[in-house]
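4 protein chains.
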Amino acid sequence: MRKYAIIGVGHVGAAVAYTLVTKGIADELVIIDTNEKLARAEQLDLQDMQGRIETRTIIKINDYSELADTDILFITAGNIHAYEEKQAQGNRWAEFEYTKEIVKDIAPKIKASGFHGVAIDTMNPCDAITQYLQENTGLSQQQIFATGTFLDTARMQKVVSDQFNCDPKNVSGYVYGEHGESQFTAWSTVQVNGLAVTELAKQRGLNLDELEEAARRGGWEVYVGKHYTNWAIATCAVKLSQAVLSDARAAYICSCYSEKYGTYVGQPAVIGKHGIEEVTTLPLTDDEETKFKHSADTIKEKFQLLDKQTN
Amino acid sequence: MRKYAIIGVGHVGAAVAYTLVTKGIADELVIIDTNEKLARAEQLDLQDMQGRIETRTIIKINDYSELADTDILFITAGNIHAYEEKQAQGNRWAEFEYTKEIVKDIAPKIKASGFHGVAIDTMNPCDAITQYLQENTGLSQQQIFATGTFLDTARMQKVVSDQFNCDPKNVSGYVYGEHGESQFTAWSTVQVNGLAVTELAKQRGLNLDELEEAARRGGWEVYVGKHYTNWAIATCAVKLSQAVLSDARAAYICSCYSEKYGTYVGQPAVIGKHGIEEVTTLPLTDDEETKFKHSADTIKEKFQLLDKQTN
Amino acid sequence: MRKYAIIGVGHVGAAVAYTLVTKGIADELVIIDTNEKLARAEQLDLQDMQGRIETRTIIKINDYSELADTDILFITAGNIHAYEEKQAQGNRWAEFEYTKEIVKDIAPKIKASGFHGVAIDTMNPCDAITQYLQENTGLSQQQIFATGTFLDTARMQKVVSDQFNCDPKNVSGYVYGEHGESQFTAWSTVQVNGLAVTELAKQRGLNLDELEEAARRGGWEVYVGKHYTNWAIATCAVKLSQAVLSDARAAYICSCYSEKYGTYVGQPAVIGKHGIEEVTTLPLTDDEETKFKHSADTIKEKFQLLDKQTN
Amino acid sequence: MRKYAIIGVGHVGAAVAYTLVTKGIADELVIIDTNEKLARAEQLDLQDMQGRIETRTIIKINDYSELADTDILFITAGNIHAYEEKQAQGNRWAEFEYTKEIVKDIAPKIKASGFHGVAIDTMNPCDAITQYLQENTGLSQQQIFATGTFLDTARMQKVVSDQFNCDPKNVSGYVYGEHGESQFTAWSTVQVNGLAVTELAKQRGLNLDELEEAARRGGWEVYVGKHYTNWAIATCAVKLSQAVLSDARAAYICSCYSEKYGTYVGQPAVIGKHGIEEVTTLPLTDDEETKFKHSADTIKEKFQLLDKQTN
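Chains as they are written, first to last, in full-length UniProt numbering: chain A, 1 to 311; chain B, 1 to 311; chain C, 1 to 311; chain D, 1 to 311.
Just so you know, not all the hints are guaranteed correct.
No distinction is drawn between identical chains; accordingly, a pair holds when it is met within one copy or between any pair of copies.
Straight-line C-alpha distance at most 27 Å; calculated BS3-like pairs for lysine-lysine [as the list claims (entries may be wrong)]:
| hint | residue 1 | residue 2 |
| --- | --- | --- |
| 1 | Lys104 | Lys37 |
| 2 | Lys169 | Lys273 |
| 3 | Lys273 | Lys291 |
| 4 | Lys100 | Lys300 |
| 5 | Lys260 | Lys202 |
| 6 | Lys60 | Lys302 |
None of these hints come from the bench; they were simulated from the model. Fair warning: this is a prediction, and the values are worked out from it, not measured in the lab.
All chains, please: the whole structure from these sequences, using the hints.
Below you can see the structure in the form of structure tokens.
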């Protein structure tokens, strides 16, 4: 049996839940939210659809003890409106203050439940809050990781594929670093239809910086139009979980702990039944290595600063 | 190629779009919304996920001319907030005023596009507005129908299956009539695991009226908790469309035109490539026939009254 | 994790394996066959396809110790050619002699493995050999059941739906009894689009006996044309397993133990995590009850006779 | 509507048909085989399963006129037993004699049908017979292509992923050339988890020639154990077809016409609604270019020789 749980059913958590149910991925799903009416509403809406799909998923709500034998735990809590207010003030790390409070509430409950599966986080600021979660739940660094730049990479693939009029799946390579401002596309890793994008860009006079900017702007356009983003992030989260359940040892980028930099940060890894099976070190250019270090340091420093301030 | 279009990407339209993309059902999808930023946001969010799924769906926005060769058109426009305000005043048909305006805007555009596929409506008041759409688009009564009590029936199945601790799919039978207050469960059509629910209720001392009320309350609980409902209604809409595309001649209940009562109303039908292939007349009890007539008359009368008032 | 095993990868076992892999249903799959080259060939063919599908399934072969934590065990062994020879001599129970030998080989190994999941059998003669398996493995009657007339019912649905030009899924009701000659369609349970087929047949002057015969002939036509049948039987087997994994408590017909008749026989049941959660007793007509008793008695008597003869 | 047709329902054609039906990919499927009983048997087996799956596919048989509005035509005819006999005599191109006769039979019928979709071939010798088909049907070189080394590449991915204990999907890169003896793995294109396999091989002292041989031996092991291969080849064929239907412009390797070498040969291409949208030229090493030319020349020469001999 595949048993999933989700803490926090805002737009992202709800889209994850729907994906797990409509595609018959989860056999059992536990939804936890401090807003009990919301948890109940999602439970009912997902149950109401089950007369119309091929599979069945048993759906439970608001019971931490169910985590004891849960395979995959998504942590998708957040307060998008708190975020909006802060963001207006130009503070990208604004959610940390809020999500730290969430972690302080949920981490002891996760710990007490006896949860020993794999946890996948989508909260923001993604890298820092996942580290905070790891520290507070006592889960191993292998067991807990975040979507991180798996989403940013998907957006880069989309933007590059538009440029070359092809399937986003034809675009390989990664966006490294923070799921935030200091991230960067490691263009040396990017291929389009098997061809190095750096070569293609030269031939066509393309400005890769502009493509990088377009990917970032795309995420922003979604946010401005809908006031949240959910489909792509939910799809990324579910995909990571499937690699865990089938012990696929699949190569994806995500936010996981870097021994080298002493922080969670977006980097390629192999995902299997224990979560992060290994981190993959690709031969980046010197410039990319510098950017990577900078991004990791940014996460680490801000984390330390804000951790102190808010305790 | 399976070509879909959606007019209106509020919560329902967006959930329909996501379902079509994540399950690889649509080869091409056209999203139309008067809120251009919203249409663009949904397009981008759905495109961003395509590097992470097996299939590809080409997604276009805001171009009515694309309807010329569209197979399935979902009309999922609405203004849930206008609805909320009216509803506070105790007016169940409150959305009609608003959705009629939408129809006046979109019907000529649909007509002009040369659309000749099948249209599935989820707007409210479901039965009346679908009739209004049919009249204003000039589409045949076969070609355009609505989810209607297909959703209410799913909710009844859920509530009954809870009572008997079984899969909702084990519950057959239908909720007839208006997708609204005057609807009723035709208990004589309902079986649980192949057994007549009326017999089972007698044996167990169950009150079927209470079950009917529970189903209605369930829909309300979703609405109260989330401020909208989307997963179950989107699942119903997509399921109906799949029956059209594969010419399945599947037996579902939906809101379609009744020659007998001269109105769109929730009744069992056979769905195939032309839309409504035939209406099915089940042997209801006298009491059920009376309720059905009452519900159909309610729709018809209100439609005529409101049609006059608002023109 | 969903862990499946299959004993016997002839055409049915291989089709079950492919279904589990191509639809991403199994996370892990253990294939066991006395023909080691065949087991290896299926393993390789299924592994070769994994670069081309979205999900991953880990595939192992020929290790009974893997059954210790297997959730679902399919037993799909058989010798279609032995069967053909015997069948030419007019002996429908011909496979029993052969499949009993298989059970004598595999039952102790299943027992020794510590298997404690749910076993689903497709061997022939289906009802008798499942009982023999149950007795020899020591699995509970709840834990082991067979596809039985779930397949014959699907064929009846197909034939009836052809007659009424509709989706086979619109046809409810069951073929009861032996997965063999003495089976019968309980027409009193059959509805088409919600209408009693007995009524419809009267109106249209349809001969239901002819439809029953057509369903049987259909199975035969498959056999004659392909020399085996696999797609429909594999689909039935997988569907039953999914109800177990998600604890769906779904109402299906299958061959399970009848307390009343003291034998495995095709009858409606509710399928959940323990296998057979309960047997459903539908109100059959007197004639149907007689046929059901006859069919159950046939299985029981032949089983006893052949059990003695071949020991 | 997605309309598919299959000419030839041996093991490969049948597996393609089952995949299209069980995954709900095809709305309509036409099966054509000179063995009418076999075509009928497959039709029935696939119809019998439709009461047990979520979607419906209308299945027709043996009517070439249905090709007029078919989107995708698979040509999967062959005579595996004729092949076996010849192969015993050490003649790899043995099937050509046989499949040419098939093409002479079916090509005029395809032409007469007015078929204007995309045709995907799996017959052997794959590259030569596809060219022969193209010439005889009058379909454009864009419209008709073959699975070719898409399968061999999948096998290479499997073998390499075994070596590195990872998901086959983590292995990128291609096997070029003939779907036969003269093929080769272009190791310069192969990456594992984003790392160049040539580098990894050096570090680990791996012999890439042995991996190449293992992939070839794997295909052979499947053949020896099952007497045919079907799951992986069917999966490859269906995947190619999905890229056509959704105009995915996906980068896959397949056998398509090379202007440079004047023959069909396995090379990377972009697949979209017209079939082959463009051929991709990757920067191979000199050694790989030589092997590629050799493989293309081999196909061309044998084709010309055998074409003369057998006319």
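Comparing the hints with the structure gives:
no., hint, in the structure
1, Lys104 with Lys37, "within (22 Å within a copy, 37 Å between copies)"
2, Lys169 with Lys273, "both (24 Å within a copy, 17 Å between copies)"
3, Lys273 with Lys291, "neither (31 Å within a copy, 40 Å between copies)"
4, Lys100 with Lys300, "within (15 Å within a copy, 56 Å between copies)"
5, Lys260 with Lys202, "between (33 Å within a copy, 25 Å between copies)"
6, Lys60 with Lys302, "neither (37 Å within a copy, 40 Å between copies)"
Figure legend: structure checked against the earlier numbered hints; hints not met, in rising order: 3 and 6.
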